[in-house]
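Participant: Sequence:
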Amino acid sequence: MRWLIFLSRVSFLCGLFMLLAFSLLFTSRSEHEGFASTVIMAGYGLAMILLPLTGLFYLILTLTGRKPGQFVPRWLMISNIIMLLIFLIFTFYFNDPYYNQR
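Those letters in the sequence shown? Residues 1 to 102, per my numbering, in order.
Any given hint could be a false lead.
Stated by the list, open to error - Label-pair ranges, simulated between beta-carbon atoms: (1) M1 x I89: 25 to 33 Å; (2) S37 x W75: 25 to 33 Å; (3) I89 x G45: 12 to 20 Å; (4) D96 x G65: 36 to 44 Å; (5) F71 x F35: 28 to 36 Å; (6) F92 x I60: 18 to 26 Å; (7) G34 x R74: 35 to 43 Å.
Simulated from the structure, these hints should not be mistaken for laboratory data. Just so it is clear, CB atoms sit at the ideal spot from N, CA and C, and this is done for glycine as well.
Can you make the complete structure from the sequences, with help from the hints?
Facilitator: The structure is reproduced here in C-alpha cells:
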C-alpha cells in the first residue's frame, strides 16, 4: 500500500496549498501576482482532484474491511479528511449564488 501513503502525502501537500490559497483570498496583495496565481492554481486545481480521490480510497478500504489506519498514519488521514471537508464547504457553501443575496 505504498501508493496510498504516497497519495496521502501528496494530497496533504495539496491541502496545505489550498489553505494557503484561501488565505490569499482574504489578504490579497498585488505585489507578488505570479506567486499568488501559482499557489491558487496548485491549491484549487490539485486539491479539487486529489482530496476527493484520497477520501474515496479511504472509504473504499473501510467498506472492504481493510483499515486505512494500518497503512497511513492517523494524523495524515484525519488531516486529509478535514481538508476535504473544508474544501467541500468552501466549494458548495461560499460559492453558492444564493449565499450572497439578501
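Participant: Hint compliance check: list the failing hint numbers for this structure, sorted ascending.
Facilitator: Violated hints: none; all satisfied.
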